[in-house]
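Novice: So the chains spell out like this:
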Amino acid sequence: MLKKRIIATLVIKNGIVVQSIGFKKYLPVGKPDIAVEFLNDWGIDEIAIIDIDATKKGLKPDYKLIEKVSKKCFVPLSVGGGIQTLDDVRALTQSGADKVIINNLCFKSPDKITEFALAFGNQCIIASVDLKREQNEIKIFDYTLNKTIDYNVIDYLKNLEHYGAGEILLNFVDRDGLYKGFDIDVINQLTNQVSIPIIVQGGAKNVNSFIDLFEKTSIEAAAAANFFHFSEHSVTFTKSILSNKLSSIRTETNFGYSDFKTDSNLRILKKDDDVLEKMLYVKIEPEII
Amino acid sequence: MNRKLNIVIADYNLGNTYSVSNAIKHLGYNVRISLEESNLKNADVIILPGVGAFEEAIKNIKSRNLDKILGELVLVKSKPILGICVGMQLLANSSEENGLHEGLGWIEGHVKQIIPLNNDKVPHVGWNNIKITKESKLYTNLGQDNHFYFDHKYHFVTEEKFISAQCEFGNQLITSSVQYRNIFGVQFHPEKSQRAGLKLFRGFLENVELI
Amino acid sequence: MKYCKRCHYNELHPLNLIIDEEGVCSGCRVHEEKDELNWEEKSSQLNEILNQYRNISENNYDCIIPVSGARDSYFIVHIIKNVFKMNPLLVTYNKQFNTDAGVRNLANLRIKFGCDIMTLTVNPESVKKITRATMRRLGSIYWHCLAGQTVFPVQIAVKFKIPLIIWGAHQGIDQVGMFSHLDQVEMTRKYRKEHDLMGLEAEDLIDSFDEITYDDIKSFVYPDNESIARVGVRGIYLNNFIRWDTKAQHEEMLKLYDYETLEQTRTFDTYNDVDCYNYSDVHDYIKFIKHGYGKISDHVNREIRLKRLSREQGLELINKYSIKKPENLAKFTNWLGITENSFHYIIDQHRNPIYWRRNEKWEWEYINQFIEFDQNEVDAVRLNLVEKTCNFNITPVKKSSDHKSQYIIIGKGK
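For the record, the sequence lines run as chains A, B and C.
Residues 0 to 288 (numbering that gives the first Met the number 0) are what the first sequence spells out, left to right.
Residues 0 to 210 (numbering that gives the first Met the number 0) are what the second sequence spells out, left to right.
Residues 0 to 413 (numbering that gives the first Met the number 0) are what the third sequence spells out, left to right.
Keep in mind the hints are simulated off the structure, nothing from the lab.
The model shown is predicted, which means the values in this text are computed figures rather than measured ones.
It is possible that part of the hints are untrue.
Pairwise CB distance ranges, derived in the manner of DEER restraints [to be verified]:
1. A:S194 - B:D144: 26 to 36 Å
2. B:N41 - C:K360: 37 to 47 Å
3. A:T143 - B:E35: 36 to 46 Å
4. B:R180 - C:L137: 50 to 60 Å
5. B:Q143 - A:D271: 28 to 38 Å
6. C:D203 - A:D272: 54 to 64 Å
Heads up, the beta-carbon is just placed ideally off N, CA and C, and yes, glycines get one too.
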């Protein structure tokens with residue numbers, strides 16, 4: 000059975016991973032290569048790296064950075080930001096990217112999607128769409144101009160599929176870094192409008208946001224950025240707790256947290272004293288692959 | 000571990016050669032990315048990666064004369080080869096991706112579009128658990144239930160005797176790996192399948208029969 | 000280069016820094032939360048967490064507190080043991096660069112709080128080998144201290160199945176605003192590798208050139224994922240639950256528990272790093288060479304944000320202290336068994352060309368990258384001072400704990 004994908008998004012600004020809050024406030028998290036190394040170690044399903052400055056500043060993607068992070072990345076890596084031409088896509092795939100994420104280019108020149116897909120296959124192209132609520136209506140948001148544009152959202156998504164995108168990434172701007180949970184209503188309105196997989200991002204607060212999403216929608220994949228940075232083994236923990244509820248989660252690390260209870264803040268609780276005592280002289284042999 | 004193993008990744012300008020080489024290097028092996036005939040001849044194991052469209056892939060293979068060179072090494076000299084994703088699909092007789100194209104024809108079979116049933120969404124992208132249907136050098140280091148990362152829109156349709164593993168996609172079965180003698184192919188991406196993928200490479204490289 | 004208009008950090012801070020549209024850095028922005036959050040609510044959140052970790056079987060400690068003879072140790076133990084009535088096990092990594100005041104502070108800490116303590120003292124020969132290697136590779140004499148004090152508590156947590164570790168302030172939050180206090184960030188191996196270890200794990204130090212084998216580094220090896228997950232080891236930071244003000248906290252500790260201060264070579268802060276003769280000396284001098292600023296800037300910026308220093312007063316202090324030469328260099332090089340010349344040669348390899356150039360006499364000259372802002376721009380983001388002075392106390396030097404007529408509680412080595 001195909002599993003639900005838990006994706007970690009690394010938002011890049013000035014070459015470092017940042018926490019993004021509402022598309023305008025940024026906190027510096029650290030180096031991308033170290034973030035990737037640990038996400039991989041914690042059993043993430045996929046990693047997306049999005050440079051939020053490149054397109055705005057007219058810069059090329061940072062190939063060196065992708066080369067560096069992909070050394071420690073043994074899960075699929077999608078890369079976005081600054082992609083304009085077929086050569087950019089080729090250079091990125093040669094640097095270790097498995098898929099490319101294009102956003103602005105999709106409404107400026109959608110035929111680029113077709114061009115990229117013919118050379119690299121549809122599966123290589125993720126079309127990213129920023130969505131924003133305006134007077135209770137969902138609209139497409141252009142982050143380079145910082146305003147919404149007047150396209151019919153459903154028509155726009157169908158068009159992306161038609162031009163050859165392999166997946167669509169929906170990004171909920173109003174929820175960016177605000178931990179309100181995923182926008183279930185809108186996601187349900189959009190999921191079945193296209194026949195390619197959809198990834199949603201924006202609003203994940205903790206493991207409950209994912210449970211809510213996967214129980215109430217048929218979405219294939221969900222991404223989170225900030226909260227994976229907050230605690231040890233955050234990804235492993237999230238997937239362990241999720242897998243207690245859903246059968247469609249891949250848990251394949253050699254360690255996990257499914258036997259833990261959690262507190263109101265969705266952090267682990269202490270195991271019982273006698274359980275801990277029984278472990279006292281048990282030695283664990285580290286795994287060697 | 001046989002670290003001296005000479006592993007060559009065949010470079011035809013359409014594979015994610017860098018990712019494959021990273022994964023194998025991570026295990027401590029030396030690996031070379033090349034299309035030089037001499038390097039391929041000296042290889043103990045050849046890996047044929049692939050990301051992209053079939054047409055462009057076979058075109059690149061033929062324009063570099065790799066079909067002849069590899070054909071000789073694999074079919075006549077019986078060098079072990081592992082095709083990954085499109086690299087596996089190239090082993091078939093033909094593919095119907097964007098028109099009908101002839102493949103290498105080393106394993107009897109045809110690459111066809113996955114027709115989604117019910118609400119399945121195509122491409123078949125994500126982590127799927129495979130069912131090993133036949134003992135294979137690929138799976139020597141792995142237990143029964145393993146997840147691998149798939150990302151494809153077309154699949155390898157072939158006879159049961161060539162299939163070593165399958166996975167469920169909705170209500171249909173997708174060929175996950177094939178084997179004919181020294182010729183191996185995986186539809187998924189072991190280089191992107193974390194621990195399971197690394198274990199697959201380790202098992203394969205330690206146990207494959209070298210010539 | 001971009002500088003913050005409120006504090007004195009620039010965008011090249013080794014922990015990274017984002018400067019916003021108003022010209023104020025992420026560190027200053029996150030610091031504003033200290034005056035906005037409801038700390039009573041935070042304190043009851045802490046209480047809730049601590050309650051879950053109280054040992055009921057009475058066979059074990061409730062939690063682990065990493066301590067030293069200095070920085071916030073008294074305050075953390077005070078809060079956990081005396082305010083929240085937990086039963087902590089104290090653990091300390093012996094940095095081997097101990098001052099008398101630090102040794103006395105640590106002894107006094109155990110006595111005043113009545114706590115058990117476990118100490119890790121790694122064999123000095125391995126420590127020297129490691130220090131030579133990290134000087135060469137990272138330009139750091141402090142790797143072993145940072146690695147030791149961040150790994151020993153975790154090793155003890157895993158070994159003795161005590162899942163909760165309690166730390167003081169998360170430096171990433173307090174200095175550069177890496178996280179909001181609301182994120183309730185916890186200890187990760189990732190942060191340790193990136194910042195404390197500067198990207199080099201203990202295993203990465205094994206090298207025939209440095210003659211370092213696994214035996215030398217084994218005390219610094221982090222427990223594997225599975226061992227940590229089985230026990231459920233968590234490290235929490237008190238500055239997410241308590242409005243952190245290290246100066247005020249230390250002053251309370253001076254009164255309550257007789258904490259001892261010590262004048263420092265390269266900063267005005269006489270409270271924080273009194274246990275180590277290298278920290279505010281050779282180590283900080285290297286920081287100035289590598290990063291163009293020293294601990295003095297960290298302390299000045301902290302006090303600017305806590306509204307005790309103006310930007311201008313701070314700049315004067317930075318100019319005064321950052322150029323000070325270390326006083327304990329000979330002591331350090333003798334200990335390591337190298338000459339001062341080779342020390343300078345190695346450190347020069349790590350000298351940052353953005354801040355340093357050779358002058359015509361072939362001496363190193365500091366390049367000041369800072370261009371003063373327009374006064375109006377600075378005033379627009381200025382914080383109003385709430386305290387008129389920013390004085391740090393000096394306590395009288397206590398008698399040595401090694402004094403003949405008393406029990407010797409801790410040896411000082413040779």
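Novice: Give a verdict on every hint.
Specialist: Okay, the hints, checked on the actual structure:
Distance hint check for A:S194 and B:D144: the Cβ-Cβ separation is about 29 Å, which falls inside the suggested range of 26 to 36 Å. Against the hinted window of 37 to 47 Å, the Cβ-Cβ separation of B:N41 and C:K360 comes to about 58 Å, which falls outside the hint. Distance hint check: the CB atoms of A:T143 and B:E35 are about 45 Å apart, consistent with the given range 36 to 46 Å. Taking the beta carbon of each, B:R180 and C:L137 are about 52 Å apart, inside 50 to 60 Å as hinted.
Checking the proposed 28 to 38 Å range against B:Q143 and A:D271 shows it holds: the Cβ atoms sit about 32 Å from each other. Hint check: C:D203 to A:D272, Cβ distance near 37 Å, so the stated range 54 to 64 Å is violated.
The earlier numbered hints that this structure contradicts are 2 and 6.
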